[in-house]
Amino acid sequence: MSRYFGRKLLIYGLTFFVAVTINWMIPRFMPGDPVQSMLARANIAQPEAVEAMRAHYTDLFGFDLPLWKQYANFWAALFRGDLGISIWLFPTPVTDVIARAVPYTLGLLLPAVLLSWIAGNRFGAFAARRKWLDNTALPIGYVLTATPYMWLAILLAWGLGVVAGVLPVAGAYSFAMRPEWSWDFAGSLLQHWLLPFASLFLVAFGGWAIGMRNMIIYELEADYVHYLQSLGASRRLVRRYAFRNAVLPQITGLALQLGVLVAGALVTEIVFSYPGLGHLILQAIQNQDFFLLQGTFLFIVIGVLIANFVIDVAYVVVDPRTRIGMGGAA
Amino acid sequence: MTATRAPRREAPRFVPRNGKLIAGLTVVLAFLLAALFVPLTVDHAPNEYVGPAAAPPSAEYWFGTTTFGQDVFAQFVYGLRATFLVGLLGGGLAAVIGMAVGFVAGYRGGLVDEVLTMLTNIVLVLPALVVLLIVNAYLGVRDVGAQALFIGLTSWPWAARAIRAQTFSLRSRDFVDLARLSGMRTPKIIAREIAPNMSSYLFMTFILLFGGAILIAASLDFIGLGPTEGVSLGLMLNNAARWSALHLGMWWWFVPPGAGITAVVGALYVMNVGLDEVFNPKLREM
Amino acid sequence: MSLTVTDLRVHYRTARGDVQALDGVTFTVADGEIVGLAGESGSGKSTLGTSLIRLNGRMRHVGGTVELDGVPLPIGDSAAMDRFRFRSISVVPQYSMSALNPTRKIGRMVAELLASRGERLDPAELERRLALVGLSSDVLGRYPIELSGGMKQRVVMVVSTLLNPSLLIADEVTSALDVSSQKAVAGTLLGLRDKGLVTSMIVVTHDISLVYQIADTIAVMYAGRLAEKAPADVVVTEPRHPYTRLLISSLPEVGVRRAERRLDGIPGAPPSLLDPPEGCRFRDRCPLAYDRCAERPPFAEVAPGHFVACWKAA
Chain A
1 MSRYFGRKLL IYGLTFFVAV TINWMIPRFM PGDPVQSMLA RANIAQPEAV EAMRAHYTDL
61 FGFDLPLWKQ YANFWAALFR GDLGISIWLF PTPVTDVIAR AVPYTLGLLL PAVLLSWIAG
121 NRFGAFAARR KWLDNTALPI GYVLTATPYM WLAILLAWGL GVVAGVLPVA GAYSFAMRPE
181 WSWDFAGSLL QHWLLPFASL FLVAFGGWAI GMRNMIIYEL EADYVHYLQS LGASRRLVRR
241 YAFRNAVLPQ ITGLALQLGV LVAGALVTEI VFSYPGLGHL ILQAIQNQDF FLLQGTFLFI
301 VIGVLIANFV IDVAYVVVDP RTRIGMGGAA
Chain B
1 MTATRAPRRE APRFVPRNGK LIAGLTVVLA FLLAALFVPL TVDHAPNEYV GPAAAPPSAE
61 YWFGTTTFGQ DVFAQFVYGL RATFLVGLLG GGLAAVIGMA VGFVAGYRGG LVDEVLTMLT
121 NIVLVLPALV VLLIVNAYLG VRDVGAQALF IGLTSWPWAA RAIRAQTFSL RSRDFVDLAR
181 LSGMRTPKII AREIAPNMSS YLFMTFILLF GGAILIAASL DFIGLGPTEG VSLGLMLNNA
241 ARWSALHLGM WWWFVPPGAG ITAVVGALYV MNVGLDEVFN PKLREM
Chain C
1 MSLTVTDLRV HYRTARGDVQ ALDGVTFTVA DGEIVGLAGE SGSGKSTLGT SLIRLNGRMR
61 HVGGTVELDG VPLPIGDSAA MDRFRFRSIS VVPQYSMSAL NPTRKIGRMV AELLASRGER
121 LDPAELERRL ALVGLSSDVL GRYPIELSGG MKQRVVMVVS TLLNPSLLIA DEVTSALDVS
181 SQKAVAGTLL GLRDKGLVTS MIVVTHDISL VYQIADTIAV MYAGRLAEKA PADVVVTEPR
241 HPYTRLLISS LPEVGVRRAE RRLDGIPGAP PSLLDPPEGC RFRDRCPLAY DRCAERPPFA
301 EVAPGHFVAC WKAA
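Residue numbers (our numbering), protein chains in the order written: chain A, 1 to 330; chain B, 1 to 286; chain C, 1 to 314.
Calculated directly from the structure, the hints in this document are not laboratory data. Positions of the beta carbon are idealized from the N, C-alpha and C atoms, including for glycine. Wrong hints could be hidden among the right ones.
[As the list claims (entries may be wrong)] Residues from chain A that face chain C, not an exhaustive set, calculated with beta carbons under 8 Å:
(1) Tyr224
(2) Tyr227
(3) Ser234
(4) Arg239
(5) Tyr241
(6) Asp319
(7) Arg321
[Said to hold, decoys possible] Where chain B lies over chain A, by a calculated footprint (3+ residues, C-beta under 8 Å):
(8) 9-22
(9) 84-96
(10) 282-294
Let's have the full structure, built from the sequences with the hints guiding it.
This is how it looks when you write it as structure tokens:
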């Protein structure tokens, strides 16, 4: 078991290392001189930011220093928690900007991922045993997984927000409000949360349901199921065992899908101007705020790594084979 | 039973009977043909300002026009081209990398496998879209080719893992042993003995990568990091969102591109299920 | 009379049509009898074994009856069969190594299985039976992956016979094992009968020399029908059916013991059961074949307890 976690942690450590290196390399080695062109552009938009940027870049990249030294400086800054100053919200440090956005993204992403996973698994297992349901649910599931997240978001915003006028379609709370601890504000938060949540949930739900349906069908053909049936075990027991075993690959699937789910959350936030990380990314791109963009990138990578680790722990809890240390986990 | 010959599949017998396969294939082909030939019948460029501004669908402009008077239908059919192109190139590149890594890791085993698996897992954990965001943001000029290149470079890991596992199980089979004993070289064994025995699987992997590449490209385009020139379905969504088509009620601007992506990708997935049922009769039983 | 099978016909549905895997099989198994059911792969022996307990999704009961202890078994009706499974008829499947749910501890799985059949688990009895096959009760606290293949198989034998069934079907239980383990498993099967945990047994195998050690009677199948059935000694020493003779003569004293190995001495292969020929199914390969073989030979009793389906043997 410690070997299993050791390997996983090694991979995550290396991944983080690669991510940081990508972050350092891209502005350094991209064709042209992005730093210069960025400074030039910023010069027009945010004159007061230019000096700060130049200082930060010199500090980080130290163009007259040898490469390894520049690289080391980059890591040193990272460990100080210094991701630079945002251009868009000058002079707020990038870490502060991100810290303000993270709760919104998590508040959207976590419930959508967990609930869609649980509901999708239940529904997929349920659909697999009824032919008519299987035949109707399956095509819907495939359409849902094939839907680009932002398009479903746009359709929901248009249908329920603009046409029906039932729910708000922009922001995380009413523009007339300031964040405070009150029922009114909480209600407004919830109202604004519903549509982005629903669109994330639906697309992901389709995928889980299909995955579970297929896994259950495979499991119901497994030897242990045939044996139970040969001994006349109840359908309930057979279903329970099959579900339990079919959930394992779905847990691995959750880890595999994290990147896609995060991407889905980012574009969904953009559609609804939801002030999470996706919104930051859009602003960063539109304002050529590369510090912010790179900081957000690192933040998301760290988040995904942590989530992966949590899933690994969950897997070990559910699958005895990993605990016994004889493999079994993908 | 000793199988000295590679087992031959008899699956093609069932192909015509599988409804899902036919339905999926029909939709994909219909869109593909539309992408190939319909643009030839449109006599203006997709981004040209040809019509009245913000006009709903009409006999002249089937899908209406944008706020600037661009023909949405023209953008749609040209955009389909970009969609298929990015799927083909991005999915194709990812499939090639995935196969190369998967075959070599699965067949060679040992240290080579360790290293390649480690690499695969690292790229797998990195959220692809976010990496693409960073790369594309720094690229001054972007086109479909570069987009496909980077998508291909980031989306191969799961395919490599799956192919590695399959190769691993084929590696010790009799006909592979026989080939090895007869002095066949590794690349040839992979190409002649292993790949043909999982050809259906490889094809299905490619289809999934194809669909995945289309979806990632659409997200990138939507965020505003699409091709700087030209038109794509994702860019149409981006423009529609940017110019408030939603609030202006110009549904004809954002419904077709999303529907196009969903139809193509959904049809690819359904086609894949059909193929899966053809090759794995267990699923067909349900 | 423990088991009576009369003219049993079971077909497999495939995309190309029905495969007539069992085409009119008639035989009996007496109380306390161990019948070895031998034949090449594809002869229908495994189909016969499985169809007595649970037809799988592609198998169809086309005709014939099965009676166990005087009660007809509804083998075509899976739901109705549940009443008999485990209690009156049970199985040690071919896939014993993977027959246990990988994510449940064995003890818990057994308890849940019994509970789902409305039976109470007697822990002392379970431990006694485990000890009988040489397992300590520790295995109950383990997951299947922690046991060796042989241990898993013994666990399955214990589980399958927990309710003292009248008939146990052991399907190719030795095919995955080495020679010494095969002997041990054969001994365990004998023990199950001798200690009265099961009344009768059908041992499906392609290994005549192994089944000879434990079976009272050997039945040989060919292409979906019984070719010969007789006391074990008789089948081995005085076979009457030309197929059985070739099968026995192809067994060397030591070494190759598998009937599954193609009979090199006989040209041709078993007929396709998709559209089998009329008459005796062995006739294309039979050295003794003559005109009359175009007609199906009856499975006739040529001596007490000795049945043969061959015109020349009658």
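Results for each hint:
With its C-beta approaching chain C no nearer than about 5 Å, Tyr224 (chain A) sits inside the 8 Å limit, and its interface hint holds. For the restraint placing Tyr227 (chain A) at the interface with chain C, the shortest Cβ-Cβ distance is roughly 4 Å, inside the 8 Å limit, so the hint holds. With its C-beta approaching chain C no nearer than about 4 Å, Ser234 (chain A) sits inside the 8 Å limit, and its interface hint holds. Among the interface hints, the one on Arg239 (chain A) is violated; its C-beta lies about 11 Å from the nearest C-beta in chain C, farther than the 8 Å criterion.
Among the interface hints, the one on Tyr241 (chain A) holds; its C-beta lies about 5 Å from the nearest C-beta in chain C, closer than the 8 Å criterion. For the restraint placing Asp319 (chain A) at the interface with chain C, the shortest Cβ-Cβ distance is roughly 7 Å, inside the 8 Å limit, so the hint holds. Taken as an interface hint, Arg321 (chain A) checks out: its beta carbon lies about 5 Å from the nearest beta carbon of chain C, inside 8 Å. Figure legend: the segment 9-22 of chain A, annotated as covered by chain B; annotation consistent (7 residues with Cβ-Cβ distances under 8 Å, at least 3 required).
Under a criterion of three residues with beta carbons nearer than 8 Å to beta carbons of chain B, the stated coverage of the segment 84-96 of chain A fails, only 0 such residues being counted. Coverage of the segment 282-294 of chain A by chain B holds in this model, with 7 residues showing a Cβ closer than 8 Å to a Cβ of that chain against a need of three.
Going down the numbered hints, you'll see the structure goes against 4 and 9, while the others check out.
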